[in-house]
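Each chain, written out:
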Amino acid sequence: MGKTLFDKIWDAHVVHQVNGAQDVLYIDRHFIHEVTSPQAFSGLKTRGIPLFRKDQTVATADHNVPTINQHLPISEPLSRKQVETLSENCEDFDVRLYGLGHQNQGIVHVIGPELGITQPGMTIVCGDSHTSTHGAFGTIAFGIGTSQVEQVFATQTLLVSKPKRMRITVNGQLQNGVLSKDIILYLLSKLSAGGGTGYFIEYAGEAIRSLSMEARMTICNMSIEMGARGGLIAPDQTTFDYIKGRKFAPEGEDWSRSLEYWKTLKSDEDANFDIEYSFEASDIEPMVTYGTNPGMGLKITEIIPEKIDTAKPESFAKSLKYMGLKPGQPMKGITIQNVFIGSCTNSRIEDLRIVAEYVKGKKVNESVRAMIVPGSQRVSKQAIEEGLNVILTEAGFEFREAGCSACLGMNEDKIPAGEYCISTSNRNFEGRQGPGARTILASPLTAAAAAISGKIVDAREN
Amino acid sequence: MEKLEILQDTAVPMPMEDIDTDQIIPARFLKAIDKEGFGDNLFYDWRYDKDDKPNADFILNSPIYSGSILVAGKNFGCGSSREHAAWALYGYGFRVVISSFFADIFKGNALNNGILPIQVSPEYLDQLFNAITSDPNTKISVNLPEQFVKILPDGNTQPFEIDEYKKMCLLNGYDDIDYLLSLQDKIVQFEQEREYIHKPLS
Ligand code: SF4
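Going line by line, the protein sequences match chains A and B. Be aware that the first sequence starts at 1, since it is given in my numbering, and climbs by one per residue. Be aware that the second sequence starts at 1, since it is given in my numbering, and climbs by one per residue.
Don't take each hint at face value.
To be verified - Here are the in silico distance ranges between beta carbons for each label pair: (1) Asp126(B) with Asp55(A): 51 to 57 Å; (2) Gly101(A) with Asp135(B): 49 to 55 Å; (3) Ile49(A) with Gly173(B): 17 to 23 Å; (4) Lys3(B) with Ile49(A): 22 to 28 Å.
Claimed, not checked - Chain A side only, calculated, beta carbon under 7 Å to chain B, not exhaustive: (5) Gly20; (6) Gln22; (7) Leu44; (8) Gly143; (9) Gln151; (10) Ser189; (11) Phe248; (12) Gly409.
I should point out that these hints are in silico values taken from the structure, not numbers from a laboratory. Remember, it's a predicted structure, so these values are computed and weren't measured experimentally. Glycine included, C-beta positions come from ideal geometry on N, C-alpha and C.
Taking the hints into account, I'd like the entire structure generated from these sequences.
Right under this line is the structure:
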């Protein structure tokens with residue numbers, strides 16, 4: 001019987017099996033950032049051991065950095081301390097660091113792919129759940145805890161049990177005005193926030209194949225919101241074209257050898273999945289969330305349901321209360337106060353282009369604060385070269401410097417309590433964007449349209 | 001890591017579903033560079049109001065419920081991979097979390113920090129909630145060597161599953177790094193023999 005893509009990559013990385021249940025898995029690339037690494041570095045120091053494979057480790061500062069005046073010292077003392085500790089640790093252990101001010105700095109899941117560090121067939125980990133993003137390149141990429149960061153530091157391996165395999169096929173072609181963010185929010189609304197737990201997902205089908213790498217990353221990014229360990233997409237010409245010529249991409253003979261291998265990375269025709277789902281792209285419309293987990297989403301044309309099968313009535317009611325919404329209410333027309341375009345889900349150049357094209361010549365509604373935060377210094381530079389920053393600022397957006405920003409309420413960019421924020425990020429948990437903040441997840445296009453009209457609208461009609 | 005074998009204690013019920021790690025420990029408390037002190041900020045935004053005053057409605061502020069066992073609704077620990085969530089639960093004093101379903105990363109993080117996540121059936125979880133809320137002094141017995149939970153004195157028992165290796169670690173207070181370090185020769189051999197090599201960054 002054939003093998004799935006996931007099995008092919010996994011099996012090629014098993015160093016050792018422990019009592020049939022756990023595998024010692026070799027890790028090709030390890031990304032680290034300031035928040036989840038300090039205690040792991042301390043662990044190495046306490047044990048008095050070196051970092052085993054420093055040339056497979058890359059660090060950046062992203063979660064805790066301000067997104068204005070990055071040339072100045074960080075004003076908040078605890079944040080500054082954490083970012084400084086990262087620099088000190090990277091120096092002590094000789095780790096490659098793209099810190100604040102470096103031209104390669106940015107959100108860890110944006111810089112890995114754009115520097116060509118992420119390549120098909122790899123195993124990639126990071127102390128961050130959205131490591132699943134890198135799966136868009138046909139890699140096994142997943143988030144880990146800090147103890148595991150220390151394990152990878154110490155041995156370049158991890159002790160893990162093998163997840164089950166799920167395949168989600170999206171057939172046919174997307175309607176106009178429907179983006180890859182809408183695909184993943186749609187899948188989440190169908191399969192729920194826990195629907196992927198215990199699985200590794202392969203996304204397949206025509207609608208997925210026809211997406212750009214940026215759009216594929218958006219989908220794999222949010223695999224974790226389904227509870228899945230990760231999600232991947234078989235590499236193809238789109239993948240190879242994206243990687244070619246990037247800073248760490250293989251060259252010359254290496255390139256041909258890599259390409260030959262990468263082309264073998266797909267699920268065999270007769271491969272068996274533990275579970276399969278199939279959806280029609282034509283059924284997908286622009287999506288928004290109305291609750292406090294990413295599975296609570298609906299088509300922008302629908303109304304908030306009375307109940308859902310995947311949550312107990314108390315949990316559902318608590319969620320709506322937090323959001324200040326009611327069953328039966330349409331999402332369209334809700335007045336919003338904030339728009340955040342950014343995060344490792346939607347902060348790549350393609351996202352910025354989509355927003356700029358929509359807002360060109362228009363003005364952000366005067367009661368809205370709209371922030372757009374490029375995912376990396378390189379995205380920012382590219383946007384400036386293309387003149388997108390001018391279009392965006394003329395329209396009334398704050399064009400900020402690279403980082404996680406208002407995706408999580410850790411740095412200075414927070415949403416005030418009780419206010420709505422249409423956000424292109426990945427989590428609408430209570431307080432995620434600041435205590436009391438009410439997050440509505442959507443695509444960059446839906447977010448851009450909301451910025452202009454000051455309320456939730458269907459970008460296809462406006 | 002602290003050992004865990006048999007525990008008998010009262011429990012705190014939190015029937016909410018999908019309790020994510022952003023609730024367990026909000027992001028703004030992740031700025032520390034060590035593992036200490038997170039217990040004080042456990043469930044901060046549920047525990048305290050806008051003015052940092054204890055929120056009387058929240059279960060951890062209730063004088064009635066206490067104990068080192070947390071019983072929670074399904075899909076506990078979803079969301080962010082932050083191990084700080086496990087440090088916060090541990091720092092507060094929880095050693096066992098019982099739910100009908102756990103998010104993967106949280107489960108691993110808990111086990112790596114001496115917290116035992118126990119998955120029980122949805123029906124048994126309801127029985128636990130009923131027992132605790134009808135008598136907050138109800139003791140729950142958790143037996144790791146024999147892998148069962150029991151509602152004391154003579155309530156229902158339910159067996160639970162745990163990976164053999166993880167069980168051994170928890171019973172002895174070992175962590176994974178000791179084990180992986182012992183495999184270093186094998187790892188080097190793997191690096192030399194693997195068919196396709198992703199070159200180190202240079
Ligand atoms: S952008 Fe948001 S989700 Fe992505 S790594 Fe940063 S904090 Fe995490």
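Evaluation of the provided hints:
1. Evaluation of the 51 to 57 Å hint for Asp126(B) and Asp55(A) yields a pass: the beta carbon distance comes to about 52 Å.
2. Taken as a hint, the range 49 to 55 Å is violated for the pair Gly101(A) and Asp135(B), whose Cβ atoms sit roughly 60 Å apart.
3. Between Ile49(A) and Gly173(B) the C-beta distance comes to about 20 Å, which sits within the given range of 17 to 23 Å.
4. Roughly 24 Å separates the CB atoms of Lys3(B) and Ile49(A), a value that falls within the hinted 22 to 28 Å.
5. The beta carbon of Gly20(A) comes no nearer than 9 Å to any beta carbon in chain B, farther than 7 Å, and the hint placing it at the interface is violated.
6. For Gln22(A), the interface hint holds, since its Cβ comes within 7 Å of a Cβ in chain B; the closest pair sits about 6 Å apart.
7. This hint is violated: Leu44(A) has a C-beta 9 Å from the nearest C-beta of chain B, more than the 7 Å allowed.
8. Nearest Cβ of chain B to the Cβ of Gly143(A): about 4 Å, under the 7 Å cut. The hint holds.
9. Residue-level restraint check for Gln151(A) holds (minimum Cβ-Cβ distance to chain B is 5 Å; threshold 7 Å).
10. About 14 Å separates the beta-carbon of Ser189(A) from the nearest beta-carbon of chain B, more than 7 Å, and the hint is not met.
11. Annotation: Phe248(A) was flagged as interfacial toward chain B, and the flag holds, the nearest CB pair being 6 Å apart, inside 7 Å.
12. Given the 7 Å rule on beta carbons, the hint for Gly409(A) holds: about 5 Å separates it from the nearest Cβ of chain B.
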